[in-house]
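A.B. asks: Each chain is listed here by its residues.
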Amino acid sequence: MNTLAETRLGRAAVRTICPYCGVGCGVLASPDGAGGAAIEGDEAHPSNFGRLCSKGSALGETLGLETRQLYPVVRGARATWDAALDHVASNIGRIIAEHGPDAVAFYLSGQLLTEDYYVANKLMKGFIGSANVDTNSRLCMSSSVAGHKRAFGSDTVPGCYEDLDEADLLVLTGSNAAWCHPVLFQRMAKAQERRGARLVTIDPRRTATSEAASLHLSVAPGRDGTLFSGLLVQLADRGHVDETFVNSHTEGFTEALARARQIAPTIAATAAAARLSERDVEEFFDLWISTERVVTLYSQGVNQSSQGADKVSAILNCHLAAGRIGREGMGPFSLTGQPNAMGGREVGGLANQLAAHMGFSPADIDRVRRFWNAPNMAVREGLKAVDLFEAIGRGEVKALWVIGTNPAVSLPDVNRVRAALGKLELFVVSENVRSNDTLRAGAHVILPAAAWGEKDGTVTNSERRISRQRPFLPLPGEARPDWWAVAQAARRLGFAGFEFNNVSEIFAEHAALSGFENDGARDFDISGLADLKPRDYDSLAPAQWPVRRGEASGRRRLFSDGLFYTASGKARFIPIDPPRLAEATSDRFPFLLNTGRLRDQWHTMTRTGLSPRLGGHSAEPCLSIHPDDAASAGLKDGHLARVASAEGAAIFRVQVTGTQQRGEVFAPIHWSHETSSDSCVGALVHRCVDPESGQPDAKATPVALAPVEMRRAGFVLARRRAALPAQSYWAWQAIEGGFTARVETDAPDEEWVDALRGLGPREASALSLRDTGQGVFRSGLIFNDRLVAASFLAAQTPPSDWTVLREAFADERLDPAARRSLLSGRRASGMPDEGPNVCACFGVARGRIEAAIEAGCNDVASIGKSLKAGSNCGSCIPELKRMLALRRPVMA
Amino acid sequence: MSEPLVIVGQGMAAARLADELSARALGRYAIVVIGAEPFRAYNRVLLSSVLAGEIAAADIELKPSQWWEGRGVTNLYGSPVAGVDRNAKTVRLESGLELPYSKLVFATGSHPIRLPRPGMDLQGVMTFRTMGDVDAMLREAALGRRAAVIGGGLLGLEAAYGLAKAGVKVTLIHVVDRLMERQLDASAARLLAEAMRTKGVEVMLEAETDFIVGTDRAEGVALKNGIQIEADLVVCAVGVRPNADLARAAGLAVNRGIVVDDAMATSDADIFALGECAEHRGVAYGLVEPAYEQAKVLARRLTGDSRAAFAGSTLATNLKIAGVALFSAGDFNDAGREAIVFEDPAAGVYKKLVIEAGRLVGAVLFGDAVDGLWYQDLIRSGASIESIRDTLAFGQAASSLSEAA
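These protein sequence lines map, in sequence, to chains A and B.
Those letters in the first sequence? Residues -18 to 873, per the numbering used here, in order.
Those letters in the second sequence? Residues 6 to 410, per the numbering used here, in order.
The shape of chain A in the complex, shown without the other chains (with noise of 0.2 Å):
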């Protein structure tokens, strides 16, 4: 494939891959030649075929350096990057050689690249010696791992996207993928509407994506597994399981039927326990049963879960058992949340995993081994992410190596993980942002990495599509990538198999280990890339996993053949554990947090969030709650509510919608303590963990609401984003030329001048309005005559229109009436501007005498007779004079 491609509107591209979701999507970017770029979709990829959703559009709007961390940090000063990686060895060194190799952890994230994350695994696991990796996807995607694992014995998704195009009913359960994969969605009304397919939702709420479903299930929080266990029922009482299938490629379906049975044995008693109509409940199996060709699709509604394996199981339980699987138009599906979930797990990127879809079994272990010639292999699974920083605040595990995620933000009961970020002995962070709660935290050594854009190396997709992610802007500052640094650490360390002198060899051994004595046993297997030339791998098409040697292509379907990865070779069924939460409501928190994504944020904004275009769509983090349930919390529509769980508390508007359900809220993930005063929603999140994936369940944690009242409200605009006052609340959102924040505050006057005083440099002239009675506090911030802040906050609320201050902020130049009426909110086009008085007894402004001049007036009495200037005390015909001699005619 060709690495370069021309735009449909003629630029000369680079073939990429969006960074976002797990959809995917080729992106051809246009470089501009000044830091950014011009962004379409790539019409060749075979996963959007040129479609890009809001927040891939808008990825040019995310490539500035202003947020960028741009050289090595030790202990808050700068530093050379030899000696912030030598800080790091000696360290690891030390460490590994006083506690042992479970003394150190790395933490790592969906969004590296396959080669980041193969260094990093091999790094840990077969030269330190411990299987201390885990990665966010652990947040993630770690539910429907270990549901594939026991159903396939592979982590294997065994169907492709033309699956969807193919199909004629598509379920969605906990996925709302008209905001989370858009293009995938789109993909998937298309086959809508050309197919006439069906589409069924189960979500416990009405999202954009419910809204183009003919059947919607708002399913009880935590009872999917009751769903899927009552259409396996149905399968079999109905009589369409099939029996051939079963028979021959699976065991264990008796006793997971049994167990099905127990928790849903009929119709009613799974809409009982769904708490569903039994009329809906009826269609949806009738559906399902009689459609040959269906896709089960799911995602963090059945992953993020305490039961987040047994609810894979259950629907993996139902296409075993109707034999749909691996054939055309059908199977089930997981939706990745990141773009490179799937290339992580291909390396073994997390703590229960080794390495190329091997366990910790002690062939696997000998054979990576040998491999490798590795001298420390792990011999068992590390600390999965919720244990890891568990482990980290006991003191446990001393060294932490963070790349490319937010754990400070993203895991559950987030003020407890940032306490146990403080004991650590050596904190690192390869990060391309200079500053996020995970920075903060208090991590010792910073490493600039490579951001999207400069980085160079392949990703894989939701239907096992490995693509190459190019770079199309140079490395900025000293940033690298990260497996440069993991590799420069690694030869600090005295290990031999980290010489890389690119990208193409490190995917090269990556490809030949998953091939090494492979022969078919594992599913994971691309040796067919493992002899690619560099110029061969930069030029990588997109290919579907495996690749087997000789292969010319991979695969778009898995387990076509009823083969399984399993000991005996068949599929398994798994009986699942009774459907139950993992904490019930109580007097002290009668309602349950589910937890989500927004459409046009990603994670924690670290990029989306510098976005105009996707700051528009939800400016502030909400709090979603049914009309009943906000009347009797005592919570307006509009104003700010407390969410308080066992773990920690947080603010967010609310928002009273139909949408949800009684006793369910709903508020966003992506605020973060650098993003806003106090909304992050991993304070709240209980650290309930699924017992198999070790998924924590971010969807159903008991939590408590209270209306927060603050004296004054308003807005603060800014060009970069800090902390405002305390006593505040406040969240940032991506504007033309800045940022704005939404303001409710009770901190005092000073405080205010002093924040607005830090958005601008020292030099900045600050203007202020006051009224005492209404607790009016308005304050603009200029810098050679342009607005660099501003903040309007009242005890009433502020005007709703103040499209002028996001004028003034969009121009680069106050003049100085608009600077005159800045503060007033008031367009000063509106208002005459006449200039300075010039008679002060009357009130007679310059413009009014120049015009009188210009009328005809050519004396000082003239001017007095026609507008009373100057006829009074006088003290202006000094003045008048002046303007007379300046404006009489010369005459030739």
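Since the hints were derived computationally from the structure, they do not count as laboratory data.
Glycine included, each C-beta is placed from N, C-alpha and C at the ideal position.
Keep in mind that the hints are not guaranteed to be accurate.
Said to hold, decoys possible - Calculated cross-link-like contacts (lysine-lysine; reagent style DSSO-like; alpha-carbon spacing at most 27 Å): (1) B:K68 to B:K301; (2) B:K204 to A:K862; (3) B:K325 to B:K94; (4) A:K846 to B:K68; (5) A:K849 to B:K204; (6) B:K108 to B:K94; (7) A:K849 to A:K862; (8) B:K301 to A:K846; (9) A:K846 to B:K325; (10) A:K862 to B:K325; (11) B:K325 to B:K68; (12) B:K94 to A:K849; (13) B:K301 to B:K325; (14) B:K325 to A:K849; (15) B:K68 to B:K108; (16) B:K174 to B:K301; (17) B:K229 to B:K174; (18) A:K862 to B:K68.
Claimed, not checked - To give an idea of the chain B side of the interface with chain A (calculated C-beta under 8 Å), a few residues: (19) E59; (20) E99; (21) L324; (22) I326; (23) A398; (24) F399.
We have chain A already, so just place chain B on it with the hints.
C.D. replies: Leaving out everything else, chain B in the frame of chain A:
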């Protein structure tokens, strides 16, 4: 035959009265205007502009000789008055001339105050009141003097600014901790001091004059705090006192000024007073605006309008000092009251609007006084400002827009 009406004094109030009378009833009175200064009436407000070189001395004459002649007014300037005989109803000039009157008006203005301190009689110590004072100062300035101006009120500031513009190194000495303390609040006064400093005037606050240093000629000003300021030109501009000397000698009721009623009449029904020499309801105004209002009232009275009455002026300051517009009106003490304060120090703008029970009661404007008169109207009328409160500080134009919206 016309009644003889004599106006003692030839300042702005006198000229305005003559103007108003002749406009209303030309020929009813045979008017004589008498002035001690050797000039026809001139615009005293512009003396600082003359000092600053912004306007020529000849250009500040209020009315040319033809104007007086054309209205039949006898103008006697350079003619100090020796006394008034109320029984004989005559005015006696120092020249010996006696003028009969039917009605007599005092428009004698005020005397500049000299501090009761040693050395005030030294050569080089002067006041700032008349064209003669300005001439003297300009003569001194031309010699490259170093000047000290005592007094941080309007006169002192104007003298200091004028001298600085004339190229003199000036130190302004003020006894209290801020300039124009009666007209400005602390913030505006601070901005004014900064503005004066940028114009080259050194401003010393809380500086009390002890004595003038020198034997024959002033050599400096010694302050009570021990500091001595070098100056061979000392301008004393610490205030004025109504000039009621003739009235007092004539046995009229006099407090600080000549006591007048709402008709501007003194204790003698045929004798009137106006301007700075008059004391109305306990107030002797030192500004031109009330004098002009009084002139109008008196002219109406003298031409038969018995309803004309002067009810006092709202105290407003509305002027420009050192090129900066200043305005204050009403009660601008905001202690215990609500206030709207706008500040743009870099643009040299400060506004304070004091509000009580939803009404504007006082205003101080510095640097941008465009809306001063509008605020003054709002203070005077006591109209509710609640509907325009949000835009009040941005003036009438912005507020009419917001009302319309």
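A.B. asks: Checking against the hints above, which ones are violated?
C.D. replies: Structure breaks hints 3, 5, 12, 16, 20, 22.
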